[in-house]
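Peer 1: Now for the letters of each chain:
2 protein chains.
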Amino acid sequence: MDKILRIDVGAQGGPKAVETGLGDYKGLGGRAMTSGIISKEVPPLCHPLGEDNKLVIAPGLLSGSAAAMSGRLSVGCKSPLTGGIKEANSGGQGSQVLARLGYAAIVLEGKPSDDTLYKVIINQDGVKIEADNSLKMLGNYDVVSKIKETYGGKFSSLSIGPAGEMKLSAATIAVTDMEQRPTRHAGRGGVGAVMGSKGIKAIILDDAGCKIRKPKDPDKFKAANKEFVAGIKKHPVSGEGLPAFGTNVLTNVLNEAGGYPTNNFSSGRFEGASNISGETLAELETARGGKATHGCHTGCVIQCSGTFNDKDGKFLTKQPEYETVWAHGGNCGIDDIDAIAQIDRLDDDFGLDTIEMGATIGVAMEAGLAEFGDAQAAINLVKEAGKGTPLGRILGNGAEVTGKVFGVERIPVVKSQAMPAYDPRAVQGIGVTYATTTQGADHTAGYAVATNILGVGGDVDPLKPEGQIELSRNLQIATAAIDAAGMCLFIAFPILDQPETFQALVDILSGFSGEPVTADDVSALGKSVLKTERDFNTRAGFTSKDDRLPEYFRKEKLAPHNVTFTVSDEDLDQVFNW
Amino acid sequence: MDKILRIDVGAQGGPKAVETGLGDYKGLGGRAMTSGIISKEVPPLCHPLGEDNKLVIAPGLLSGSAAAMSGRLSVGCKSPLTGGIKEANSGGQGSQVLARLGYAAIVLEGKPSDDTLYKVIINQDGVKIEADNSLKMLGNYDVVSKIKETYGGKFSSLSIGPAGEMKLSAATIAVTDMEQRPTRHAGRGGVGAVMGSKGIKAIILDDAGCKIRKPKDPDKFKAANKEFVAGIKKHPVSGEGLPAFGTNVLTNVLNEAGGYPTNNFSSGRFEGASNISGETLAELETARGGKATHGCHTGCVIQCSGTFNDKDGKFLTKQPEYETVWAHGGNCGIDDIDAIAQIDRLDDDFGLDTIEMGATIGVAMEAGLAEFGDAQAAINLVKEAGKGTPLGRILGNGAEVTGKVFGVERIPVVKSQAMPAYDPRAVQGIGVTYATTTQGADHTAGYAVATNILGVGGDVDPLKPEGQIELSRNLQIATAAIDAAGMCLFIAFPILDQPETFQALVDILSGFSGEPVTADDVSALGKSVLKTERDFNTRAGFTSKDDRLPEYFRKEKLAPHNVTFTVSDEDLDQVFNW
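Here the protein sequences line up with chains Y and F, keeping their order.
Residue numbers are given in the working numbering: position 384 of the first sequence equals residue 384, and the series is strictly consecutive.
Residue numbers are given in the working numbering: position 481 of the second sequence equals residue 481, and the series is strictly consecutive.
Among the clues, some could well be false.
Identical chains blur together in the list; that is why a pair holds if it fits in one copy or across any two.
What the hints assert, rightly or not - Derived DSSO-like pairs (lysine-lysine); straight-line CA-CA distance at most 27 Å:
| no. | residue 1 | residue 2 |
| --- | --- | --- |
| 1 | Lys-16 | Lys-555 |
| 2 | Lys-146 | Lys-216 |
| 3 | Lys-527 | Lys-154 |
| 4 | Lys-40 | Lys-545 |
Worth flagging that the hints you see were computed from the coordinates, not collected in a lab.
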């Protein structure tokens with residue numbers, strides 16, 4: 001991982017690839033790499049779909065190594081959705097393979113001179129870029145099938161669906177999983193639209209002949225990794241809940257806690273929750289011959305994924321994540337798990353962010369375009385987005401645009417990005433993260449739900465403002481470091497609760513790099529990433545006024561606890577005062 | 001003008017009216033009044049369509065008096081289009097009548113409990129508010145007809161069309177002219193959407209029995225007004241060009257200067273300009289039995305308006321303004337004056353801002369929704385907006401939303417509001433105003449075209465950055481004062497060139513109020529308005545980054561002069577440093 005691949009899509013005669021050394025970016029990985037390049041090279045006031053924006057794809061520092069859970073990929077750009085800096089994070093095989101191919105980053109830059117669509121093929125022999133207009137407007141599943149026909153069975157791919165080609169702000173980049181299905185997505189903030197604006201439909205990665213990345217201090221690394229894996233397996237969340245029921249284990253938990261946003265954030269509890277819970281889902285998956293326990297990339301020891309078959313036992317989609325089940329489920333008043341799974345498949349195929357789309361359909365339902373609870377109407381709306389009709393383009397540009405176009409007042413966004421599956425009134429810590437993270441409303445940026453609801457890493461009352469600032473701050477710092485390492489965020493559960501597991505992570509980093517690494521170094525890394533991102537956003541015109549929830553979270557009480565968001569503006573402005 | 005009428009549209013049992021004294025707002029008029037109330041009473045981060053926003057309607061300080069040109073009305077709110085403070089200014093009879101009725105402001109506040117539509121009737125007996133759902137989704141022309149049926153021939157009205165009811169961000173408030181036609185509009189920034197969000201369809205004003213407002217020093221006032229009128233009449237722009245050809249006299253002038261934005265700001269000169277020029281228009285109007293010289297309110301001595309009849313000699317619309325002819329004409333590659341007049345009528349009837357709509361259709365054409373030059377397609381697109389189809393709602397929310405939804409890069413907006421009819425590359429002074437005014441791109445906020453192109457008030461090279469900051473600053477200050485006085489902006493031509501005419505204006509203010517007024521007082525008034533507005537915008541999250549033109553104006557050269565916008569960011573940040 002000692003080189004950067006830059007592809008100038010505006011070069012004469014079509015995209016040209018150049019490999020460079022790491023230069024200023026030496027020592028960076030994952031989110032630290034993407035945000036480092038974006039912050040330094042992209043003018044903050046540029047148009048996100050214009051020639052000055054860049055798309056950066058970077059494996060984590062530990063990706064491609066034998067470190068467990070190290071297969072997360074960072075994708076960065078100036079976001080077409082938020083107008084600020086973006087790091088969208090994905091599982092799947094892409095990160096491991098790209099790292100083994102030796103690339104610390106791929107940078108797509110410039111602006112195509114025409115609308116030819118290209119694919120990029122990277123293997124141990126180098127980089128090829130080929131025009132392929134036969135891929136135009138194909139869904140991700142068809143793209144992957146066509147790649148398979150041409151390149152055989154052994155590859156990983158990053159691709160965009162019609163949403164990315166249409167440059168919709170909810171467009172994702174799909175990353176194939178271990179079964180070469182486009183089920184993992186760099187989902188948030190419209191990174192797929194930026195890839196579309198560069199005229200690149202797919203990046204095909206083949207690491208045949210490449211070796212696993214070797215640690216500098218193999219003994220230390222191996223021992224630490226062993227301890228790390230043991231720690232993950234012994235923690236109740238990462239060792240039991242997630243493997244058994246996937247992320248959707250949270251449906252019952254959040255619903256019970258009264259923090260499950262229902263019918264476009266108008267209630268904190270959903271009547272139909274048990275019909276779409278992780279427990280119900282796992283049972284159904286198993287009954288239909290799917291898997292309820294499965295990993296999304298090699299090296300995963302949590303196995304929170306699964307496969308969802310349709311009523312005929314035929315693969316439909318991966319196990320829908322909690323946030324997807326919520327977004328297209330309770331948030332729209334829908335408790336039909338088959339309909340939700342069908343939408344999950346549609347979103348993956350079109351290349352649309354399930355969180356943004358579910359929140360958007362909730363807003364559309366509030367606008368009267370469909371009734372809450374009408375699953376078929378929701379399916380039809382997602383299909384509109386895939387087709388790119390005027391209505392579909394509205395929806396595919398997310399909750400804020402949809403709310404604006406239809407004159408809706410209650411739009412659950414921060415920095416124009418839709419809120420995920422936790423109501424900030426009943427989980428005030430996540431409200432602090434939504435408000436203040438550089439990314440727009442994003443639960444993964446500082447998952448205070450862990451401590452507010454799951455009792456992991458301490459115990460902070462979810463209904464009160466006390467302690468939430470410090471909690472969110474510390475989690476945001478830790479998360480930025482985890483994202484830089486390429487680690488799956490779910491390692492946060494054991495490392496927050498078990499000091500020896502955290503130490504094992506530090507030792508993995510040290511064993512891999514051969515340099516001394518301390519807990520303070522990890523914290524400093526996280527802070528440095530956040531500082532870089534905040535600086536970009538400031539230069540893009542963001543102020544403390546953007547670090548706020550929509551006013552209705554302070555005015556409308558959320559049932560069943562009848563609470564509003566009560567963390568003060570003054571306190572929110574202290575999150576980055578460390 | 002010693003009272004404020006406040007209507008709480010959320011009161012139990014329907015809207016309730018309360019009259020108060022002027023309190024903190026004593027001595028304010030027009031834009032000083034609207035911005036004063038908004039800045040003090042509206043939370044800057046509130047939703048523009050929510051209960052915390054207010055709509056303020058205020059006649060100018062001199063409105064309702066015998067002062068010439070004093071009939072301009074200010075309408076203020078937090079703008080649904082820009083998110084910042086808004087003052088939209090209109091001609092027509094409303095200001096004179098409201099002032100004579102004694103109201104310094106009408107404030108619509110709160111949030112309706114249901115979707116009943118109301119009309120407000122104000123006469124010398126007081127205020128009545130009546131539910132009238134028969135007005136729902138009527139165009140402004142039909143609204144006025146219905147009012148006429150009920151209240152007879154003698155009234156002025158403010159009303160919204162379907163666009164306002166649908167809360168579209170390009171929705172206007174129509175003000176009737178002297179012939180009781182809804183042809184004058186508080187056009188910019190979506191003020192009609194805010195009126196729609198308050199559930200008020202029309203405000204009917206009848207000043208029967210009310211007297212003209214009397215000056216405190218009649219002799220001074222009368223003498224000054226005489227001098228003022230003489231000054232207006234002797235200046236070539238206000239005394240000759242505007243009366244003869246209306247504002248559309250500018251088509252040939254701007255086209256000749258290479259600053260006429262053509263085909264969505266891609267060129268500065270339009271081949272078909274002569275077919276839609278003021279000269280051509282006036283000839284056609286006269287030939288069809290319409291008027292080429294006409295006033296929009298009593299007390300107007302410039303008479304820049306007119307009436308446009310269709311081919312059968314039947315009234316179609318008022319004489320379309322230069323900005324309208326440009327927006328729906330050259331900016332869309334259209335040189336068919338009948339088609340443009342038809343669109344002007346549609347916009348007035350639906351209650352849509354002609355500038356925003358023309359710029360939006362230009363963006364839609366760039367997106368491929370229609371060909372540049374296709375007049376019928378443009379008419380169809382405006383009709384979509386009036387119907388409120390999904391496509392129509394996109395368009396009716398303006399150029400920025402349309403560009404975002406369709407993935408267009410070249411969107412000519414500042415602070416989300418579309419640029420008017422002067423390319424900032426070939427008229428750099430107006431570019432400074434577009435960038436820095438509190439209002440979003442707005443030529444009327446500091447009409448540097450006067451000095452850059454018309455040689456009024458000095459002579460500053462339009463293609464160069466030198467002198468533009470000071471020019472725009474001084475014009476913005478003067479304009480804010482003129483808007484507070486309720487004066488028509490076109491008095492700027494004589495008062496900039498003729499010191500005695502400026503002094504006459506100062507003397508009118510002094511004669512009317514009976515207090516000593518100096519030129520410095522006028523300047524101080526303008527500065528105070530701008531300061532109030534800037535303060536609101538800062539609290540709403542605006543920064544210097546919002547005081548910028550889109551990047552392509554610095555990158556793409558404009559034919560025929562092959563110029564880019566070259567005023568530096570550092571200089572732009574000096575506009576409000578006085």
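Peer 1: Run the structure past the numbered hints and jot down the numbers of the failing ones, going up.
Peer 2: 2, 3
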